Amino acid sequence: MQMPEPNPAILSRKAELVARLHKVLPADAVISDPAETRAYECDALTAYKCPPLAVILPGSTQEVSEALRICHEMGVPVVPRGAGTSLAGGALPTADSVILGVARMTEVLETDYDNRFIRVQAGRTNLSVTGAVEEAGFFYAPDPSSQLACAIAGNIAMNSGGAHCLKYGVTTNNLMGVTMVLMDGTVIELGGAHLDAAGYDLLGLVCGSEGQLGVVTEATLRILRKPEGARPVLIGFESNEVAGACVSDIIKAGVLPVAIEFMDRPCIRATEDFAHAGYPDCEALLIVEVEGSEAEIDAQLALIEEIARRHDPVELRQSRSAEESAKIWLGRKSAFGAMGQINDYMCLDGTIPVSALPHVLRRIGEMSKEFGLDVANVFHAGDGNMHPLILYDANKPGDLETCEAFGAEILKLCVEVGGCLTGEHGVGIEKRDLMAHQYGEADLAAQMDVKDVFDPAWLLNPAKVFPLGASEARRAA
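Residue numbers (my numbering): 237 to 713.
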């Protein structure tokens with residue numbers, strides 16, 4: 237994966253940069269020792285690494301503003317970082333860049349149950365947002381698998397989703413406002429504690445912009461009343477294609493489960509060994525959850541089970557207790573970690589029409605044989621957000637390159653059937669050179685024009701999202 241050459245002039249001015257940053261930040265908020273900055277050399281896409289010039293960990297919007305102003309004046313690139321859980325290389329630094337981490341910014345700033353919102357600093361973890369309001373009977377809906385660790389800042393950058401996005405939507409559907417600092421240190425407010433802001437939808441522009449436009453330091457999030465009840469059902473099938481067809485039929489029937497999750501045999505086996513969730517022995521597994529009153533739950537599951545039986549499931553089992561439901565979801569939430577215990581893998585993220593699931597799953601199986609690499613499938617089937625895990629050996633020469641080529645073909649397939657390159661992981665470095673497969677030259681130029689407005693010097697999160705040649709040309713202009 238090619239990265240831009242470091243700027244020698246910036247490298248030579250490291251001492252000056254660090255000295256200036258120390259004047260506006262606490263002593264322990266500036267990390268410049270190469271041995272210590274190495275901890276920030278990659279995110280969760282660990283195949284690619286590059287130690288940054290320095291790392292800063294501000295604790296407030298004002299400190300972020302002052303640090304960005306200095307970097308802007310000195311022409312130093314800045315890579316915003318939440319918790320480093322990006323699976324697309326979204327927080328990978330360049331050798332001449334400063335990592336700006338928001339991990340210290342974790343405070344709850346305001347909670348309003350009457351108007352159903354919470355305002356937090358953007359370094360707060362996803363799960364702890366629900367933790368702050370659950371005693372009052374509320375929750376924050378987006379639930380990425382990494383929700384225990386991932387930060388709200390990163391969720392906003394990548395427009396993260398999660399298992400329950402089928403009913404509740406992804407981050408953009410639950411984001412009401414942000415405080416954001418531009419590269420020159422200017423602090424702006426977008427949206428706020430109301431349903432919709434007047435004028436251009438700049439909040440929608442920022443959510444999913446992958447740190448290209450500014451650094452989000454505070455977020456106003458929509459919180460919801462907890463449902464009266466919820467219950468998942470496990471449905472096992474003899475093939476991936478049949479499971480995909482069942483998902484398509486459930487959606488066509490007009491049922492709206494809160495989640496439909498898919499796992500294939502390799503993932504089922506690894507997850508069962510790891511979490512002991514009680515999953516059936518089958519080729520493909522669906523976890524379908526509905527919520528509401530007991531009567532509503534019974535009615536919805538009855539229809540779902542009727543649809544499932546048309547596809548001859550090898551097992552059909554409803555959860556009968558809160559403990560069993562928790563185990564079912566523990567297995568699904570542990571899938572990525574469980575696979576990581578047994579093999580190196582690259583986790584993809586592409587979105588397709590639900591009706592294309594059987595065809596795409598079949599083609600992935602065929603391509604697996606063509607490339608000679610196994611694939612484990614686990615994804616949000618209800619909205620077609622796929623996460624194929626391509627297994628490879630990081631110590632075997634050429635395996636990573638083969639894995640990358642295989643992954644590119646899967647993502648191209650997603651686009652060709654009417655989907656897109658990403659659903660929630662973002663583009664980062666992983667998919668930047670595939671952007672031209674989904675967008676024409678005029679489309680990409682328009683997107684880069686927007687970045688020109690917010691970050692004219694192209695100093696924020698370099699080498700991400702746009703094809704490298706095009707972004708470096710803009711940066712040099």
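Think of the hints as simulated: they come from the structure by calculation, not from any bench. None of the values given here were measured: they were computed from a predicted structure. Think of the CB as a built atom: it goes at the ideal place given N, C-alpha and C, for glycine as much as any other residue. Just so you know, not all the hints are guaranteed correct.
Derived DSSO-like pairs (lysine-lysine); straight-line CA-CA distance at most 27 Å [unchecked claim]:
hint : residue 1 : residue 2
1    : Lys648    : Lys605
2    : Lys488    : Lys403
3    : Lys648    : Lys632
Pair ranges (Cβ atoms, derived) [said to hold, decoys possible]:
hint : residue 1 : residue 2 : range
4    : His512    : Ser364    : 23 to 29 Å
5    : Glu532    : Asp432    : 27 to 33 Å
6    : Gly373    : Lys250    : 24 to 30 Å
7    : His430    : Lys648    : 37 to 43 Å
8    : Ala693    : Ala283    : 40 to 46 Å
9    : Glu309    : Glu559    : 53 to 59 Å
10   : Gly514    : Lys285    : 34 to 40 Å
11   : Asn631    : Pro270    : 44 to 50 Å
12   : Ala271    : Asp534    : 57 to 63 Å
13   : Tyr436    : Lys648    : 41 to 47 Å
14   : Gly528    : Asn631    : 48 to 54 Å
Hints, verified against the model:
1. A threshold of 27 Å between alpha carbons decides the hint, and for Lys648 with Lys605 the separation of about 18 Å falls inside it, so the pair holds.
2. A threshold of 27 Å between alpha carbons decides the hint, and for Lys488 with Lys403 the separation of about 15 Å falls inside it, so the pair holds.
3. Proposed proximity of Lys648 and Lys632 is supported: the alpha carbons are some 26 Å apart, at most 27 Å.
4. Range check, His512 to Ser364: Cβ separation about 26 Å, and the 23 to 29 Å hint holds.
5. A hinted range of 27 to 33 Å for the beta carbons of Glu532 and Asp432 is consistent with their spacing of about 29 Å.
6. Restraint check, Gly373 to Lys250: a C-beta distance of roughly 51 Å breaks the suggested window 24 to 30 Å.
7. Here the CB-CB span from His430 to Lys648 is close to 41 Å, well matched to the stated 37 to 43 Å.
8. For Ala693 and Ala283, the Cβ-Cβ distance of about 29 Å falls outside the hinted range of 40 to 46 Å, so the restraint is violated.
9. Distance hint for Glu309 and Glu559: a CB-CB separation of about 57 Å, consistent with the stated range 53 to 59 Å.
10. Restraint check, Gly514 to Lys285: a C-beta distance of roughly 38 Å satisfies the suggested window 34 to 40 Å.
11. About 25 Å separates the C-beta atoms of Asn631 and Pro270, a value inconsistent with the hinted range of 44 to 50 Å.
12. Separated by about 59 Å at the C-beta atoms, Ala271 and Asp534 satisfy the suggested range of 57 to 63 Å.
13. For Tyr436 paired with Lys648, a C-beta distance near 33 Å fails the hint of 41 to 47 Å.
14. The hint said 48 to 54 Å for the Cβ distance between Gly528 and Asn631, and at roughly 50 Å that hint holds.
Of the numbered hints listed earlier, those contradicted by the structure are 6, 8, 11, 13.
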